[in-house]
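**Student:** Each chain, written out:
2 protein chains.
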Amino acid sequence: MKLPPRTVERLSKYRRLLMEYKHEEEAHIFSHNLARLLNITPEQVRRDLMLIGLTGNHRKGYSIQALLDLIGKTIDSYDPQNIAIMGIGNLGRAVTAFIRKSESRLRIVASFDIDPLKINHEIEGVHCYPVSETEKIIKKLNISIAILTVPPDAAKGIVKILTNSGIKGILNFTSVHLDIPENVYLKDYDIITSLEEIGFFIKAR
Amino acid sequence: MKLPPRTVERLSKYRRLLMEYKHEEEAHIFSHNLARLLNITPEQVRRDLMLIGLTGNHRKGYSIQALLDLIGKTIDSYDPQNIAIMGIGNLGRAVTAFIRKSESRLRIVASFDIDPLKINHEIEGVHCYPVSETEKIIKKLNISIAILTVPPDAAKGIVKILTNSGIKGILNFTSVHLDIPENVYLKDYDIITSLEEIGFFIKAR
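Protein chains in written order, with the working numbering: chain U, 1 to 205; chain R, 1 to 205.
Chain U on its own, in the form it takes in the complex (with noise of 0.2 Å):
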């Protein structure tokens, strides 16, 4: 299915949100509602899940359970996707003790880092290998995608061991303008730059 990237971006707070009440059995919930949970408009809301193919009852709204279904459907793979972390400093174990403590069937598999304190240790649950051997425990544990928690010096070399290695999918914590081959799926994710548009928005009021 294609969907465009906002779309699937919502899908999946719709879900996170949606898991609260999962346990009410029928329960339903409206469009409106669950856009003023997320401030966005409740055509935003209809026209997401238009798309996935879902629409709701004007009297009793969208039922969450087949909601949750058919996100799950649409936006999970059939495998979980196994997860690297390169580098698991304080960012690297934040970030992995958080996924693991989600209900999400995201599964981090391995960590890889440079500090022999580190390495063949478990650190927040997961075995930490050496960096020498990314590219041996990428094919051998099948990771599909890494998190980038290295230093900012240290992110365009891993990120060629990375693409070398066959990931497939690169979430960059390190605010380094990475070059990526087409075929990887690069997300940013920068502090600075959202602090700045809330910066920018609270000075403007």
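Check the hints yourself; a few may be wrong.
To be verified - DEER-style ranges, computed between Cβ atoms:
id	chain 1	residue 1	chain 2	residue 2	range
1	U	2	R	182	51 to 57 Å
2	R	139	U	53	49 to 55 Å
3	R	60	U	58	54 to 60 Å
4	R	82	U	1	26 to 32 Å
5	U	79	R	115	36 to 42 Å
Everything labelled a hint here was simulated from the structure, so no lab data went into it. Beta carbons are placed, not taken as given, at the ideal position from N, Cα and C, and that holds for glycine.
Once you've looked at the hints, dock chain R against the given chain U.
**Tutor:** Chain R in isolation, oriented as in the chain U frame:
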């Protein structure tokens, strides 16, 4: 100046990228170069820069120094923003270190925690205060932005304290849905959503 959030986000990204070239005198850059580096269209770049009143030279492109100056004038406040870190665990420490190392005008002036081993110590160069003093310290240090890096079950309680303290902006890393008064600017960052988006697009290939 009224600008859409996505434009502000991109202006911040243009600046982060251009900083690498700022030491070259009289350097210029074309919209298509900027566009390629950020995986967007040249039209998008030109539209954003037109919104802040800048047009490029057909032959030479945009002056990098003029770009940096005008983006700064547009998105920076006259006074640097003071920032507080709510919860100085692994994620809070990583975020603090990251911002302090960045060449931005953002200043972290306090962190807050409930752990007696952290309170009244300097962590990543920032003083840690007890959460019970949040309201007092936020007013005293003129803090306008809070970064939420507490455990999920603490999020709602902390946000209540923050809004009572007159905070103007919140960057939320907890993935908890927050109900925020309209005069507070909220930006959510959810790691799971980013990873699910990557997972969807690498599956679709």
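**Student:** If a hint holds in the structure, say so; if it doesn't, say that too.
**Tutor:** Now for the hints, and whether the structure bears them out:
| no. | hint | in the structure |
| --- | --- | --- |
| 1 | U:2 with R:182: 51 to 57 Å | 36 Å, violated |
| 2 | R:139 with U:53: 49 to 55 Å | 51 Å, holds |
| 3 | R:60 with U:58: 54 to 60 Å | 58 Å, holds |
| 4 | R:82 with U:1: 26 to 32 Å | 45 Å, violated |
| 5 | U:79 with R:115: 36 to 42 Å | 39 Å, holds |
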